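**Student:** One line per chain: the protein sequences are A and B, in this order.
326 is the number that the working numbering gives to position 326 of the first sequence; each next residue is one higher, with no gaps.
757 is the number that the working numbering gives to position 40 of the second sequence; each next residue is one higher, with no gaps.
One or more hints might be untrue.
Not the full set, but computed from the structure, chain B residues with beta-carbon under 10 angstroms of chain A [what the hints assert, rightly or not]:
id, residue
1, 731
2, 739
3, 742
4, 745
5, 755
6, 767
7, 770
8, 774
No lab work stands behind these hints, which were simulated from the structure alone.
For clarity, every value in this text was computed on a predicted model and none was experimentally measured.
Virtual Cβ for every residue (Gly too), placed ideally from N, Cα, C.
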Amino acid sequence: MAERTNHNPAQAPADSQAPAHNPAKNPPPAQNHDQAPDRNHDHDQAQDQAQDPARVGVYICYCGGNISDHVDVEAVRARMAAQPGVAVARTNMFMCSDPGQELIMEDLRAGRINRVVVASCSPSLHEGTFRSAIARAGGNPYQYEHANIREQVSWVHHGQAATDKATRLISAAAGKAGLLDALSPLRVEALRRAVVIGGGVAGLRAALDMADSGIQVLLVERTAWLGGAVARLGRLAPVGEDASGLLRGLAGQVLAHPGVTVHARAVVSGFGGYLGNFSLTLSRTPDPDVNADVNADANANADAVADAAPLSKMPSKTPSKMPSKMPSKMPSKMTVGGFVRGLGVLAPTQPDAASQDQGPLTVRTGVIVLATGHRSYTPKRGEYGYAENPEVLTLPRLIQHLADTEAETGPLLVLNGRAIRRLAIIHCVGSRQIPGIHQEDESGCLNEHCSRVCCAASINAANQVRERHPQTSVYELYRDIRTYGRGQEEMYAKAAANRVVFLRYSADDAPEVRRCPAGQGFPLEVAVRDGLTLGQELRVPVDLVALATGMVPGPVAELVDMLKLPVGADRFLQEVHPKLRPVELPLPGVFLAGTCQAPMDIGEVCSAASAAAVKAVALLSKGHVELDPFVAEVDEQACTGCGACVAACLNKGALGLETLELDGAMVSRARVTPALCLGCGACVAVCPEYAIDINGWTLAQYEAMVDRIVCRLEGVA
Amino acid sequence: MAQVNPDFMETLRQAGTDTGAECNNCGTCVAICPLAEGHFPRLMLRYAQLGAQELILDQAQELWRCLHCGLCTQTCPRGANPGEVILALKRFVVASWRRS
Numbered sequence: 001m002a003e004r005t006n007h008n009p010a011q012a013p014a015d016s017q018a019p020a021h022n023p024a025k026n027p028p029p030a031q032n033h034d035q036a037p038d039r040n041h042d043h044d045q046a047q048d049q050a051q052d053p054a055r056v057g058v059y060i061c062y063c064g065g066n067i068s069d070h071v072d073v074e075a076v077r078a079r080m081a082a083q084p085g086v087a088v089a090r091t092n093m094f095m096c097s098d099p100g101q102e103l104i105m106e107d108l109r110a111g112r113i114n115r116v117v118v119a120s121c122s123p124s125l126h127e128g129t130f131r132s133a134i135a136r137a138g139g140n141p142y143q144y145e146h147a148n149i150r151e152q153v154s155w156v157h158h159g160q161a162a163t164d165k166a167t168r169l170i171s172a173a174a175g176k177a178g179l180l181d182a183l184s185p186l187r188v189e190a191l192r193r194a195v196v197i198g199g200g201v202a203g204l205r206a207a208l209d210m211a212d213s214g215i216q217v218l219l220v221e222r223t224a225w226l227g228g229a230v231a232r233l234g235r236l237a238p239v240g241e242d243a244s245g246l247l248r249g250l251a252g253q254v255l256a257h258p259g260v261t262v263h264a265r266a267v268v269s270g271f272g273g274y275l276g277n278f279s280l281t282l283s284r285t286p287d288p289d290v291n292a293d294v295n296a297d298a299n300a301n302a303d304a305v306a307d308a309a310p311l312s313k314m315p316s317k318t319p320s321k322m323p324s325k326m327p328s329k330m331p332s333k334m335t336v337g338g339f340v341r342g343l344g345v346l347a348p349t350q351p352d353a354a355s356q357d358q359g360p361l362t363v364r365t366g367v368i369v370l371a372t373g374h375r376s377y378t379p380k381r382g383e384y385g386y387a388e389n390p391e392v393l394t395l396p397r398l399i400q401h402l403a404d405t406e407a408e409t410g411p412l413l414v415l416n417g418r419a420i421r422r423l424a425i426i427h428c429v430g431s432r433q434i435p436g437i438h439q440e441d442e443s444g445c446l447n448e449h450c451s452r453v454c455c456a457a458s459i460n461a462a463n464q465v466r467e468r469h470p471q472t473s474v475y476e477l478y479r480d481i482r483t484y485g486r487g488q489e490e491m492y493a494k495a496a497a498n499r500v501v502f503l504r505y506s507a508d509d510a511p512e513v514r515r516c517p518a519g520q521g522f523p524l525e526v527a528v529r530d531g532l533t534l535g536q537e538l539r540v541p542v543d544l545v546a547l548a549t550g551m552v553p554g555p556v557a558e559l560v561d562m563l564k565l566p567v568g569a570d571r572f573l574q575e576v577h578p579k580l581r582p583v584e585l586p587l588p589g590v591f592l593a594g595t596c597q598a599p600m601d602i603g604e605v606c607s608a609a610s611a612a613a614v615k616a617v618a619l620l621s622k623g624h625v626e627l628d629p630f631v632a633e634v635d636e637q638a639c640t641g642c643g644a645c646v647a648a649c650l651n652k653g654a655l656g657l658e659t660l661e662l663d664g665a666m667v668s669r670a671r672v673t674p675a676l677c678l679g680c681g682a683c684v685a686v687c688p689e690y691a692i693d694i695n696g697w698t699l700a701q702y703e704a705m706v707d708r709i710v711c712r713l714e715g716v717a
Numbered sequence: 718m719a720q721v722n723p724d725f726m727e728t729l730r731q732a733g734t735d736t737g738a739e740c741n742n743c744g745t746c747v748a749i750c751p752l753a754e755g756h757f758p759r760l761m762l763r764y765a766q767l768g769a770q771e772l773i774l775d776q777a778q779e780l781w782r783c784l785h786c787g788l789c790t791q792t793c794p795r796g797a798n799p800g801e802v803i804l805a806l807k808r809f810v811v812a813s814w815r816r817s
């Protein structure tokens with residue numbers, strides 16, 4: 001539960017000069033956290049201001065000419081100094097610099113001011129900087145108002161108009177600042193528990209890191225298996241570690257960790273709550289049948305001719321027309337922690353499965369880590385001959401085959417009993433699509449992103465084929481090679497040494513895969529205009545074509561709807577800031593890990609997962625978290641309990657009606673759950689009694705701003 | 718439309734060297750060659766790498782630009798030995814000419 005503690009005297013020196021108005025109304029923080037927020041806050045504030053009137057300090061930034069080239073900063077300063085309520089008005093070349101911040105801090109410490117306005121760039125850049133400076137000087141960081149006179153003034157207006165607009169904006173900010181209360185951050189109790197959604201490498205890594213830090217972790221996985229996409233891989237680029245060994249190790253650590261509970265064959269079907277106290281409903285996926293999983297995997301892409309005869313899981317030199325599935329006895333032999341290529345490490349049955357209770361389960365958690373992964377692009381029918389020719393398959397299938405047959409060597413690669421003399425790998429299939437050149441999918445979307453891992457995966461596969469089967473020639477048809485990580489460039493160079501032949505095509509003149517004319521001895525040929533041979537048209541007769549399919553967003557539409565997750569133009573989940581906050585979401589307490597966010601390789605996935613884990617642990621470490629206090633607050637005396645605000649509220653659960661005793665009578669009143677409130681103000685707009693307000697953005701503060709914008713100002717047009 | 722043929726490398730090996738298969742088409746040999754015009758000798762190495770025999774025979778006269786100064790071989794970052802490949806290609810062309 002959350003608690004609002006306004007008027008913490010320790011944080012508001014101005015208040016400390018006044019006697020405590022009513023100690024009962026000022027519960028000390030960290031206690032009574034189930035109590036309703038302090039509802040008498042506005043009355044207190046009125047008294048405070050009577051006792052310690054606002055003394056606003058206005059600080060105007062030159063921004064090194066960015067502002068002062070267009071705004072007459074000194075003229076604005078003189079105008080502001082003459083305004084009522086403004087105690088000091090100063091300028092500085094860079095307010096955000098240490099000397100600039102020191103100006104504010106010195107005025108605060110000397111008691112000259114108790115409210116601060118900085119007029120500079122966008123608040124998204126430096127609001128936090130100045131709030132922090134105020135706090136360091138012993139002031140209340142919420143008694144601060146920011147005026148943006150760069151993006152909103154000097155970058156778009158010039159001359160007198162710029163100076164006048166800057167004056168109006170700063171004057172409005174000063175008007176508002178005079179009414180700013182000494183708010184305290186919302187304090188939300190946080191459960192020291194985490195839910196990780198997705199049991200691939202990202203989820204496993206994040207779960208392990210959080211559990212190692214003492215957080216109780218529940219790992220939710222849709223299938224019966226841990227390992228995700230990595231379970232389908234073999235020798236990994238660039239140095240050739242074994243994916244199954246890596247996965248066995250990681251999953252084994254997770255399964256053995258007392259701090260992690262794995263909840264396999266479950267999906268998230270309900271979501272509620274807020275940072276520190278989320279509630280998730282887990283529903284069981286249909287009756288788990290390990291054998292069915294194995295078959296389902298073998299028949300993935302069953303509509304494709306290429307995969308209708310699935311790659312053999314048995315030694316490929318056994319020619320067999322039969323789809324070779326796992327032996328049916330296998331599942332009964334499977335033990336928890338056992339590994340099956342293509343599926344992963346078998347997860348334990350759920351802790352509550354013994355009770356045969358198949359109903360949904362509700363779990364409470366402090367944070368959520370999303371590790372839902374990606375999907376491999378499925379080529380369209382006929383795209384590079386896919387699904388129309390049995391000799392065309394996807395690179396992931398080829399990689400799985402290479403992993404399944406790792407012990408085999410021999411002059412020629414053998415696949416489904418067929419010797420492969422020449423193999424062509426076509427890059428950028430389903431990635432880097434260009435409007436007007438590539439065809440949109442059913443939902444009208446193109447994958448314009450680079451999938452990043454397929455170049456390395458293709459070259460790695462080519463090297464394995466060449467090293468294990470020296471008589472099999474490999475052709476790589478690429479647009480651009482992006483072997484960007486440590487060791488990958490060396491791997492690329494090794495491919496040339498291995499005599500892999502590279503052919504370069506352009507996106508608007510893509511290779512064509514077609515049946516080879518009879519008598520040529522090959523089933524297929526690839527026709528390509530090769531940029532490395534001065535645009536020469538070449539025919540490459542081949543036995544097999546592998547399509548290096550990219551990564552596309554996973555099927556997480558339900559989660560996106562439920563958690564209202566932001567999705568990028570590429571349809572991957574989108575972080576708050578790509579550089580500075582790369583694993584966070586705007587929804588506090590929910591983090592991103594791995595390929596649900598963007599294509600990345602296993603090392604990058606683990607970096608992201610560990611980053612998400614550290615962020616989560618840091619949030620939960622104190623047992624409570626602090627949020628900005630800009631949320632709705634109800635005046636119970638004025639509220640009539642009409643419920644209009646509850647109907648208008650945009651975030652379910654943030655506002656409700658409750659019955660309480662007021663002046664001896666039982667009445668219905670609106671009640672805010674501060675941790676859920678978005679601070680949007682929809683409730684304020686509909687309240688007929690003006691009984692609800694947003695702290696830090698009250699109606700009175702807005703009115704003061706409007707007054708200052710429309711009033712006559714000396715010398716201002 | 719020329720056809721790609723990996724078996725040509727064996728022919729070339731018998732004619733002298735098959736190191737041209739390791740060429741990564743950087744073009745350093747073109748930059749250093751004192752006599753070349755256009756894309757010589759890289760393009761010839763490329764034809765050899767692809768096994769595009771008909772293109773090699775069509776443009777065989779290009780091969781005789783080369784005076785075997787060895788600068789390309791000295792500077793080749795991949796050790797593909799372009800000078801020796803050109804010499805092998807000359808032998809291949811002559812042998813093919815004799816046969817026809």
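**Student:** Run every hint past the structure and note whether it holds.
**Tutor:** Hints and how they fare:
For residue 731/B, the interface hint is violated, since its Cβ never comes within 10 angstroms of a Cβ in chain A; the closest pair sits about 17 angstroms apart. At its closest, the beta carbon of residue 739/B sits 5 angstroms from a beta carbon of chain A; the interface hint therefore holds under the 10 angstroms criterion. A cut of 10 angstroms between beta carbons decides the hint on residue 742/B: the least distance to chain A is about 5 angstroms, and the hint holds. Taking 10 angstroms as the C-beta cut-off, the interface hint given for residue 745/B is violated, the closest approach to chain A being about 14 angstroms.
Using the Cβ-Cβ criterion of 10 angstroms, the hint placing residue 755/B at the interface with chain A is satisfied: the shortest such distance is roughly 9 angstroms. Given the 10 angstroms rule on beta carbons, the hint for residue 767/B holds: about 7 angstroms separates it from the nearest Cβ of chain A. Here the hint on residue 770/B is broken, as its CB sits about 13 angstroms from the closest CB of chain A, past 10 angstroms. Annotation: interface hint on residue 774/B violated; nearest CB of chain A at approximately 15 angstroms, more than 10 angstroms.
Checked against the numbered hints above, the structure breaks hints 1, 4, 7 and 8 and satisfies the rest.
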